[in-house]
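Since the structure of chain A is already known, use the hints to place chain B on it.
The listed protein sequences derive, respectively, from chains A and B. With the numbering used here, letter number 11 in the first sequence gets 11, and the count goes up by one each step, no holes. With the numbering used here, letter number 15 in the second sequence gets 15, and the count goes up by one each step, no holes.
Among the hints, a few may not be true.
[What the hints assert, rightly or not] Have a look at the derived ranges for each label pair, beta carbon to beta carbon: (1) B:D53 - A:D71: 53 to 63 Å; (2) A:P19 - B:S33: 25 to 35 Å; (3) B:D84 - A:S30: 20 to 30 Å; (4) B:Y105 - A:G67: 23 to 33 Å; (5) B:D35 - A:Q18: 24 to 34 Å; (6) B:S104 - A:E6: 24 to 34 Å; (7) B:D53 - A:Y51: 38 to 48 Å; (8) B:R116 - A:L72: 27 to 37 Å; (9) B:S14 - A:P19: 33 to 43 Å; (10) A:G67 - B:M47: 53 to 63 Å; (11) A:P19 - B:H122: 34 to 44 Å.
[What the hints assert, rightly or not] Here are a few chain B residues that face chain A, going by a calculated C-beta distance under 7 Å: (12) A109; (13) F110; (14) R112.
It should be emphasised that the hints constitute simulated quantities derived from the structure, not laboratory data. From a predicted model like this one, the values you see are computed outputs, not experimental measurements. Built from N, CA and C at the ideal position, the CB exists for glycine as well.
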Amino acid sequence: MANILEELQPLFRDILDQPNLRITRESNSSNVEGWDSLAHINLVTAIEQEYNVKFSIDELLVLKNVGEMVDLMEIKLAAK
Amino acid sequence: MNSYQWSDLQIGLSDGFEVRLTPDMMEAFASISGDTNPLHRNRQLAMQHGFSDTVAYGLLTSAFYSQLVGVHLPGRYALLHGIDIDFVSPAYPGDILNVSGEISYLNDAFRRIEIRANIKRHGEKVVSKAKLRVGLQTP
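One chain only, chain A, in its complex shape (with noise of 0.2 Å):
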């Protein structure tokens, strides 16, 4: 499988409007500048049509980290 940490590197630095931003798994909104509310929807929804997954509010209110919503999206990805 695709390295996703990687992948998901531009569309981050797209989204967040940070050219040099280099996000880790242990990256997320307390962490990372500019990441608010609505750059959250915009990430997750910019995920989902990219990779053509969806996820439910449930899952999504678990995640702690870019980490863990990769772990998600492996599970995602390897199920369809």
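Frame of chain A; chain B shown alone:
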């Protein structure tokens, strides 16, 4: 005014309207925006640059995307989150503009709608294309 709620929406749902772009609208937009660029104000100069009249402000015509979202699709419970716009060709005062949009994506978790929209002059030439990101409020 339409009042679509989340359960009413589906991908492919579309709506639109027609509006005449008037000189009064141009004057009002110049006053509000402070954009006094002569391409929008001086017909002779605009024609010297190859246009057939003073060029309508792109953000004036794009204001009709606000009406599309807030009044028509989805209407009352809409909150506009963002727009990506490409200006394709000019519009001119007196033009009849056809504004239309179609839902292209729905996100259940955040009740986010995406609408592919465009504005055409006299139903033919595309003036602008837009992707509209819209939240739907709970009634």
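>> Of all the hints numbered above, which does this structure not satisfy? Sort the numbers upward.
In response: Of the numbered hints, all hold.
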